[in-house]
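**Q** The primary structure of each chain is shown beneath.
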Amino acid sequence: MTTEARALVPDATTGPLLELRGITKNYGPNRVLDNVDMSVGKGEVVGLLGDNGAGKSTLVGIMSGVVPMTSGRYLWQGEELTRITRPETEKRGMETIFQDSALVPTMTITRNIFMGREITNAFGLMRMKQMDTITNEILDSVVSIEGIQSARQLVGSLSGGQAQAVAIARAVHFKRSLLILDEPTSALAVRATEALLNYLIQLKAEGVSSVLVTHNLHQAVKVCDRHIVLNHGRKILDVRREQTDVEELTAAVVEGAEGVRRYREGRPLA
Amino acid sequence: MTEQPSPNRSGETSTGTSGAVLEMDERTARRRLSDNQPTTALGKMRRNLFYMRGRGAVEITVVYALILLLFLALFLHNSDPATGFPFWTRRNFSGTLTQTIPFYALLAIGAGILMIAGEFDLSLGASLGFAGVVFIKTLNAGYAWPLAVLAAVASSVGIALVNGVIVVATQIPSFIATLGMSFFWNGAALYVNGLSPAIIAEPNSTMTNIMAGDHGWFRSQLIWMIVIGFVAWWFLHRTKWGNHIYATGGNAAAAKAVSIKPNSVRLLSFAILGLMVGLAAALLVARTTTMQPATTDARTLFAIAAAVVGGCSLTGGRGTLFGMIIGAALIGTVENGFILGRLPGFYLQLFLGVTIVIAATINKVMEGRAT
Numbered sequence: 044m045t046t047e048a049r050a051l052v053p054d055a056t057t058g059p060l061l062e063l064r065g066i067t068k069n070y071g072p073n074r075v076l077d078n079v080d081m082s083v084g085k086g087e088v089v090g091l092l093g094d095n096g097a098g099k100s101t102l103v104g105i106m107s108g109v110v111p112m113t114s115g116r117y118l119w120q121g122e123e124l125t126r127i128t129r130p131e132t133e134k135r136g137m138e139t140i141f142q143d144s145a146l147v148p149t150m151t152i153t154r155n156i157f158m159g160r161e162i163t164n165a166f167g168l169m170r171m172k173q174m175d176t177i178t179n180e181i182l183d184s185v186v187s188i189e190g191i192q193s194a195r196q197l198v199g200s201l202s203g204g205q206a207q208a209v210a211i212a213r214a215v216h217f218k219r220s221l222l223i224l225d226e227p228t229s230a231l232a233v234r235a236t237e238a239l240l241n242y243l244i245q246l247k248a249e250g251v252s253s254v255l256v257t258h259n260l261h262q263a264v265k266v267c268d269r270h271i272v273l274n275h276g277r278k279i280l281d282v283r284r285e286q287t288d289v290e291e292l293t294a295a296v297v298e299g300a301e302g303v304r305r306y307r308e309g310r311p312l313a
Numbered sequence: 046m047t048e049q050p051s052p053n054r055s056g057e058t059s060t061g062t063s064g065a066v067l068e069m070d071e072r073t074a075r076r077r078l079s080d081n082q083p084t085t086a087l088g089k090m091r092r093n094l095f096y097m098r099g100r101g102a103v104e105i106t107v108v109y110a111l112i113l114l115l116f117l118a119l120f121l122h123n124s125d126p127a128t129g130f131p132f133w134t135r136r137n138f139s140g141t142l143t144q145t146i147p148f149y150a151l152l153a154i155g156a157g158i159l160m161i162a163g164e165f166d167l168s169l170g171a172s173l174g175f176a177g178v179v180f181i182k183t184l185n186a187g188y189a190w191p192l193a194v195l196a197a198v199a200s201s202v203g204i205a206l207v208n209g210v211i212v213v214a215t216q217i218p219s220f221i222a223t224l225g226m227s228f229f230w231n232g233a234a235l236y237v238n239g240l241s242p243a244i245i246a247e248p249n250s251t252m253t254n255i256m257a258g259d260h261g262w263f264r265s266q267l268i269w270m271i272v273i274g275f276v277a278w279w280f281l282h283r284t285k286w287g288n289h290i291y292a293t294g295g296n297a298a299a300a301k302a303v304s305i306k307p308n309s310v311r312l313l314s315f316a317i318l319g320l321m322v323g324l325a326a327a328l329l330v331a332r333t334t335t336m337q338p339a340t341t342d343a344r345t346l347f348a349i350a351a352a353v354v355g356g357c358s359l360t361g362g363r364g365t366l367f368g369m370i371i372g373a374a375l376i377g378t379v380e381n382g383f384i385l386g387r388l389p390g391f392y393l394q395l396f397l398g399v400t401i402v403i404a405a406t407i408n409k410v411m412e413g414r415a416t
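Just so you know, the sequences run in chain order A and B. Start counting the first sequence at 44; every next residue gets the next number (the working numbering). Start counting the second sequence at 46; every next residue gets the next number (the working numbering).
It should be emphasised that the hints constitute simulated quantities derived from the structure, not laboratory data. One or more hints might be untrue.
[What the hints assert, rightly or not] Subject to a maximum C-alpha distance of 30 Å in a straight line, what follows is the list of computed DSS-like cross-link-like pairs (lysine-lysine):
#, chain 1, residue 1, chain 2, residue 2
1, A, Lys-134, B, Lys-306
2, A, Lys-265, A, Lys-85
3, B, Lys-409, A, Lys-218
4, B, Lys-301, A, Lys-218
5, A, Lys-247, A, Lys-85
6, B, Lys-301, A, Lys-134
7, A, Lys-218, A, Lys-134
8, A, Lys-172, B, Lys-306
9, B, Lys-89, A, Lys-172
So that you can see chain B by itself, here it is in the shape it has in the complex (with noise of 0.2 Å):
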């Protein structure tokens, strides 16, 4: 083997934290990756916009900038609120926008967590149905609001758990599972609440202040959306425990052969989305005052496809916070533009769909190009 002079190979000078050099490659001159790291700002930026490619955040980024576009261009073109589109008005953004959107980007941040460790929840609606009326069950009985608010997290991580550790014990899919318990959780808030909706007796206006605060262009909501959306960042993305959630839904057996325990990691993603829709609940009741139980099914699915368009996999694995919420924002978005435009209320339905399909088929071209 000929002696080449190369005094940078990290053998030789690294402070041992790989042990052995490979003799091998002494011939071609390799090229080393400790050595070809961008330093400049710039460069920074075009690797990590590279790297992010395909994970799910930009593309759909990308779309839903398209969108807010097109409606900005409707908006400039007539924005009379009777025959045109009044979208960006300070009426519209604290009226619908800031409340819809972090209502869903709560549920679909719950709902992508799962999905990443790869299991499903279809409860997620019941669920909420659940925690709502334990709300205002919890209000009515006369406990200050952060007990209320403490109550209904605590159902639905508490159904979340149960929903979780059926499918660990079991290995039925989550799938059925959890469509089985759907009912089971519907029929327990009846049966709790009766027919007729939950009412919060008395609002406290700390509360709906705190919670669904009107701030001129924005609501209390939004605030909240960022504040829970940068932990669950933080969360998924820059600790061990999200680390394991990736590993779990990309290959539960690698997994396993690093002492990762999938079943507990599962069992924690179940109650991350618990969290999750508890505390959606609570906003969502601490705005409209009422919960009738058993009516929040359809909530499931927009939040799977909202974590869906937002680059979350089916099969686990594969997904971004950032996507979650714009995935979220999107669908908010889109429904906020037909009811702006008057369209009938089937137009909604079909091109919402359209949007759906048309962007988990952008996030799976991507995701095959994923680098």
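Bound-form chain A, shown alone (with noise of 0.2 Å):
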């Protein structure tokens, strides 16, 4: 079986959530993305893997409405988009939760956790109280807390993880239907890492698929249901976690197509 026939194993699932068809984006005259197909089922959580400049970010981008795509398909539960935009994206409850950018650091982790979907009376008044009763609430059950005082507190004065935290509580807070996590576990500790991990698959269980970027194989390998490898702007690889191993991905991430030919050749799947 080669590479190429594998990626076209249909979807398991019901109709997939999100599907992408011939996605093709070009930076002036780079091609940074080549007719990249790819789905993401419901309660499906798909690892998006490959080195720096395999297109991850660029696609991450198209995916939550950031970057207009040059040429391709884009469609939500079936139904084509033709304007993707960022309100358009959220309005279907996509979560794009970045390395470091997702938050305001000089903002109060409540003012954080409701911008832009503030709880306000009739006038436009936040209702402060409450919005701080439920962040404590949020903050309690979602994610690890370790070392976060307070609602109150700036998102500035916490670790790169507690940020990180409070940037997945709030998505899982407002329950969106598709978290995209781009590299969510570089800044966490290794207790927050699992805990995150963890996560992921309880929200599975809830329907909530994610797409998870990550450099760490070992990561990916345990949390998601299907892994994609993109090598300068293509996709080499769309298998499911059971037809693979932490071996083939390395192959895949570090040599490419070439890689995985190698790799398979030297041990054939039965």
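Starting from two chains that each stand alone, build the complex the way the hints lay out.
**A** This is how it looks when you write it as structure tokens:
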């Protein structure tokens, strides 16, 4: 079985939540994404893997609507979107958690969590007390909050991991249907990483899909149902978890399609 | 995983604000934030003070209080109007302090809110002159004074919005764009008015009373400052639009990711600056009855200095309304103290410069310690 043939294995789930077809993106003369297909099923955790410069971040940008694509089709629950903007994707319940830019460091945790979705009365006045109370509950129940003293703390005074936890807590609280996590564990301590990965699995049970962009293949193998490997803007591998292992993914990320072929010749799959 | 009796875990007891419960940290008893809130008035006050630290208002209030104490000491030492330091007198409060401080404060509020959104308007002074001329021209054309105030505000909001559109559309740093526009608006004021100062032909006593009336120890401007200051505080700190201003200035990309439109927020902030400049122009002209166009440029830097002294960050996202007012009060009071002390004008500049730098340094240091 070749790589190309396996990429065509149909999804087991009933109709994907998000489907991208033939996504191409040029930055001037540079083609950073070349005819990439990808889909995310309902309640599926998809690992988006690849080396630096493989096009992961661009693909994430296109998915979340902040980067316009050069050509390709974008389908949300089978319906094609023509104008893909951030408000459009947000309306459909997509939340992107970037490495560091998801929060405003000069604002309090409460204000960050409710940013853009403030609880207000009819006059636009914020219900600060209610927002503080909900924030405390979120932080207590959702993610590890060790070291967070109060919902009134500035996000800038948190560690990278705590800030990441707040960003994830926000996404979870607003019941998003698709979380895109861009290198979420890069700033996390071991325990917090563990907690986050466990949490993705739990969310899956509730029907929340996620796309996990990561360098760390061991983490990807642990939680992802499917792995997509990009290499120089092209998709070279799209496999379900039971059909691959860390070694194959490593070969794909490091050496590209050539590496996968070599790996499979060395140890053909049953 | 060991089963630990923990009826207080909010995942089980709360009414589902958060979805699933994370099964971790079962071994260590976690300190819950919900149970950790102060309940006594003193505890709440201490917490509030703690979380106000480094956000721009507390430190500068302490500095301002020290300056007031110093001036009070000088006054008690010798309060003679001719040889001493007549600071705490009715004449000084009504005649100087409660006139200049509100004027500076309105400008500082405008400049400060715009700075929180991450932008500057260096044409503030020019816009002030233009709005003053519009105010006088409207009055002299025979319209009622509230209409003249509206006209002044409309002109300065219009100017600020033009500046804002230029900044937003061209992506030029607002520093440069509004520096250029300040020459333009100065020229425009001269074009409309001519070189000679504009003068209110027949000052309306009702207007003068409402805008600049003498009430013993203070002038009407002080009431305007308190009213406008409260409305602006409410807007900036308690409405969602205020929250969006902080978000845009603090991290525009993050704001965009939650569907806040940073450019609309920037335009809104420019409009607020225009509103404040128009009101300040009306208050100023109602008292002085004249306006010489193209002489108000120095106010730009006073307003920005007051905002910076009051804790607004030059990079956006940081600052409080209370801080802006205290910053304006500090500059107004120091200026007043130097005049009362009969020191030559260049000392004022010298000391004012030092004060601004020291205050900004204190803010910077405390910013880093903010929690």
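**Q** All hints, please: hold or fail.
**A** Structure-based check of all given hints:
1. Note on Lys-134/A and Lys-306/B: the hinted pairing holds, with a Cα-Cα distance of about 15 Å set against a maximum of 30 Å.
2. For the hint linking Lys-265/A to Lys-85/A, the alpha-carbon distance of about 19 Å falls within 30 Å, and the restraint holds.
3. Restraint check for Lys-409/B and Lys-218/A: the C-alpha separation of about 38 Å exceeds 30 Å, so the hint is violated.
4. With a C-alpha separation of about 19 Å, the suggested pairing of Lys-301/B with Lys-218/A holds against the 30 Å cut-off.
5. With a CA separation close to 8 Å, the supplied pair Lys-247/A and Lys-85/A stays within the 30 Å bound.
6. Taking the CA atoms of Lys-301/B and Lys-134/A, the gap is near 13 Å; set against the 30 Å cutoff, the hint holds.
7. A threshold of 30 Å between alpha carbons decides the hint, and for Lys-218/A with Lys-134/A the separation of about 12 Å falls inside it, so the pair holds.
8. With a C-alpha separation of about 26 Å, the suggested pair Lys-172/A and Lys-306/B falls inside the 30 Å cut-off, and the hint holds.
9. Only pairs whose Cα atoms come within 30 Å are accepted, and Lys-89/B paired with Lys-172/A is accepted, the gap being roughly 13 Å.
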